[in-house]
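Using the sequences and the accompanying hints, generate a full structural model.
Heads up: the sequence lines are chains A and B, in that order. So for the first sequence, this note's numbering puts the first residue at 282; every next one is plus one. So for the second sequence, this note's numbering puts the first residue at 282; every next one is plus one.
Just so you know, the hints here were simulated from the structure itself, not pulled from any lab data. Since this is a predicted model, take the numbers as computed values, not measurements. Don't take each hint at face value.
Identical copies go unnamed one by one, so any copy, or any two together, can satisfy a pair.
[Claimed, not checked] Straight line, CA to CA, 30 Å or less: simulated DSS-like cross-link-like pairs of lysine-lysine:
1. K469 - K300
2. K527 - K469
3. K301 - K469
4. K301 - K466
5. K483 - K469
6. K527 - K439
7. K575 - K300
8. K553 - K469
9. K342 - K483
2 protein chains.
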Amino acid sequence: MSFVTVGSIGIDTIATPFKKVENVLGGSASYVSFASSYFITPELVAVVGNDFSEHYITEFKHHGVDVGNLEIAEGKTFRWGGEYSQNFDIRTTLFTELNVFESFLPKLSKSAQEAQFLLLGNIHPALQIHVIEQMQSKPFIAADTMNLWIDIALGDLKVLISRINLLIINDEEALMLTGERDPAKAAKQIRAMGPSIVVIKKGQNGALLFNNNTVFWAPAMLLPDVQDPTGAGDSFAGGMLGYLAKVNNINDSSLRKAVIYGSVMASFCVEKFSVEGLLNRSIDEIEARYTSFKNLVQF
Amino acid sequence: MSFVTVGSIGIDTIATPFKKVENVLGGSASYVSFASSYFITPELVAVVGNDFSEHYITEFKHHGVDVGNLEIAEGKTFRWGGEYSQNFDIRTTLFTELNVFESFLPKLSKSAQEAQFLLLGNIHPALQIHVIEQMQSKPFIAADTMNLWIDIALGDLKVLISRINLLIINDEEALMLTGERDPAKAAKQIRAMGPSIVVIKKGQNGALLFNNNTVFWAPAMLLPDVQDPTGAGDSFAGGMLGYLAKVNNINDSSLRKAVIYGSVMASFCVEKFSVEGLLNRSIDEIEARYTSFKNLVQF
Numbered sequence: 282m283s284f285v286t287v288g289s290i291g292i293d294t295i296a297t298p299f300k301k302v303e304n305v306l307g308g309s310a311s312y313v314s315f316a317s318s319y320f321i322t323p324e325l326v327a328v329v330g331n332d333f334s335e336h337y338i339t340e341f342k343h344h345g346v347d348v349g350n351l352e353i354a355e356g357k358t359f360r361w362g363g364e365y366s367q368n369f370d371i372r373t374t375l376f377t378e379l380n381v382f383e384s385f386l387p388k389l390s391k392s393a394q395e396a397q398f399l400l401l402g403n404i405h406p407a408l409q410i411h412v413i414e415q416m417q418s419k420p421f422i423a424a425d426t427m428n429l430w431i432d433i434a435l436g437d438l439k440v441l442i443s444r445i446n447l448l449i450i451n452d453e454e455a456l457m458l459t460g461e462r463d464p465a466k467a468a469k470q471i472r473a474m475g476p477s478i479v480v481i482k483k484g485q486n487g488a489l490l491f492n493n494n495t496v497f498w499a500p501a502m503l504l505p506d507v508q509d510p511t512g513a514g515d516s517f518a519g520g521m522l523g524y525l526a527k528v529n530n531i532n533d534s535s536l537r538k539a540v541i542y543g544s545v546m547a548s549f550c551v552e553k554f555s556v557e558g559l560l561n562r563s564i565d566e567i568e569a570r571y572t573s574f575k576n577l578v579q580f
Numbered sequence: 282m283s284f285v286t287v288g289s290i291g292i293d294t295i296a297t298p299f300k301k302v303e304n305v306l307g308g309s310a311s312y313v314s315f316a317s318s319y320f321i322t323p324e325l326v327a328v329v330g331n332d333f334s335e336h337y338i339t340e341f342k343h344h345g346v347d348v349g350n351l352e353i354a355e356g357k358t359f360r361w362g363g364e365y366s367q368n369f370d371i372r373t374t375l376f377t378e379l380n381v382f383e384s385f386l387p388k389l390s391k392s393a394q395e396a397q398f399l400l401l402g403n404i405h406p407a408l409q410i411h412v413i414e415q416m417q418s419k420p421f422i423a424a425d426t427m428n429l430w431i432d433i434a435l436g437d438l439k440v441l442i443s444r445i446n447l448l449i450i451n452d453e454e455a456l457m458l459t460g461e462r463d464p465a466k467a468a469k470q471i472r473a474m475g476p477s478i479v480v481i482k483k484g485q486n487g488a489l490l491f492n493n494n495t496v497f498w499a500p501a502m503l504l505p506d507v508q509d510p511t512g513a514g515d516s517f518a519g520g521m522l523g524y525l526a527k528v529n530n531i532n533d534s535s536l537r538k539a540v541i542y543g544s545v546m547a548s549f550c551v552e553k554f555s556v557e558g559l560l561n562r563s564i565d566e567i568e569a570r571y572t573s574f575k576n577l578v579q580f
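As structure tokens, this is what we get:
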């Protein structure tokens, strides 16, 4: 099924306790596009500056990403720098240069407006709403968000949440949004705000899927060698929605499998810097890791 | 198979944000006995004072617990008082009166010395070692411990750990013991100290079983109404070891199932105060909750 995603594309500088990389591809839409590309042809809606390397566009195309809605604007591409603490438990933003992203107003082509699946990557909720308003189809809509928008754009975020089918959020954000530390109570509140499906991510403790009256508990892979957690959440969302769009059927079974495929893509993502872990994977590798997730919880 | 457990029996006073109960049955051996009684006839090795209510002994017997090794000493029974914070994330000990427990030296009957399964509940590691030394059989030995012993009796604890098959520990204790925050790395260190099997409990985030080169990720039930977390760890250990003793076969499959039966008993435990949640359960209730755990992770 047709699948559209909107989000940021950036040039990142990332420092971990072990290594620093400069000027690498980042942004929510980059991770979502590569992660979902193993399941579906994603239509990418985003903006870059005219400094954006043709090499990356070739890489997107190489992964079957439809870049017809990728706007190349006058100016510099969005830039972000971040640093991780020991154990990767705290991330500090070192700098943010919005550049062309500052005036980005996503504009969907006719084809994109007819998509059946829409994944709103983590950008300002007003922009996410602006995308929903362009849709001519009645797509299945999933959105990701972050603590920043809960802090500074709560009104817009609540409007957004009222218009989507699936919210993907982490446990800290769910607490901020609802005041509930208990994930089941937080999910209940969020579902009352709109989306019938809620995923609460718990980092190294896995993720919880709330759908109707059922709960699914997804494990996280125990990875011996995490390199860079940047983009893990976007890769999760991309893998999850990519799989759902591929099977084109939303039910408890497909949602559970989708959460695991999301977890698979997130686990690949964090094993390398930037989007490297998502590039040139084989279907066999993806299926093998899916099986590892199954073995992890089998009893 | 014959199953012996040693631990404390106490009279507890427990305050939660919602309710306070006074003079209720507690202690690691009480929880272990009731939790394991659904799988096996546990032989209980413990001490109480002559103030200990006959009612409790009747309750043990009613659950098929063998109280032949329960010593009734001159003096008062061990007493403990504790208080939980909002969300149950911090427990403060309000008082500890060792009473007859102060001079407790576990003494095993001939029959107990021949047991095939030994669960050393959370007491001083020197006492746990003293029990191992009385064994005439070569039992499968599991031990529970706590932060206090890592703090004040690390030497004894290390000797104990070198002599057991299975250590059950929570994530904070594993970090204290090994300096490793990563559960896989902590488990690797602990396995190098002796036990081939390690369970790291993560509270509301479930538990991890490390056995040879395999990892099993057990979920935790999302309980809407936790009343009293006291004894959850002991109930887990009792359910786990009770099941293993019942099937009398240690392999990856039985260990995984045992972790879930432990989780089932812990989930019953926390739904009521003291040992109440472990009393008079039916096999159907236990199996139904086991199935709930299966449904939680099925994909």
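Now the hints, each set against the structure:
1. K469 - K300: Only across copies: K469 and K300 sit 25 Å apart there, 41 Å inside one copy, limit 30 Å.
2. K527 - K469: This pair counts as within: shortest intra-copy Cα distance 28 Å, inter-copy 40 Å.
3. K301 - K469: Between. Shortest inter-copy distance 29 Å satisfies the 30 Å Cα cut-off; intra-copy 40 Å does not.
4. K301 - K466: For K301 and K466, only the inter-copy Cα distance (24 Å) is at most 30 Å; the intra-copy one is 39 Å.
5. K483 - K469: Both, since 17 Å and 24 Å are each at most 30 Å.
6. K527 - K439: within (29 Å within a copy, 53 Å between copies)
7. K575 - K300: neither (32 Å within a copy, 41 Å between copies)
8. K553 - K469: For K553 and K469, only the inter-copy Cα distance (24 Å) is at most 30 Å; the intra-copy one is 35 Å.
9. K342 - K483: For K342 and K483, neither the intra-copy (32 Å) nor the inter-copy (43 Å) Cα distance is at most 30 Å.
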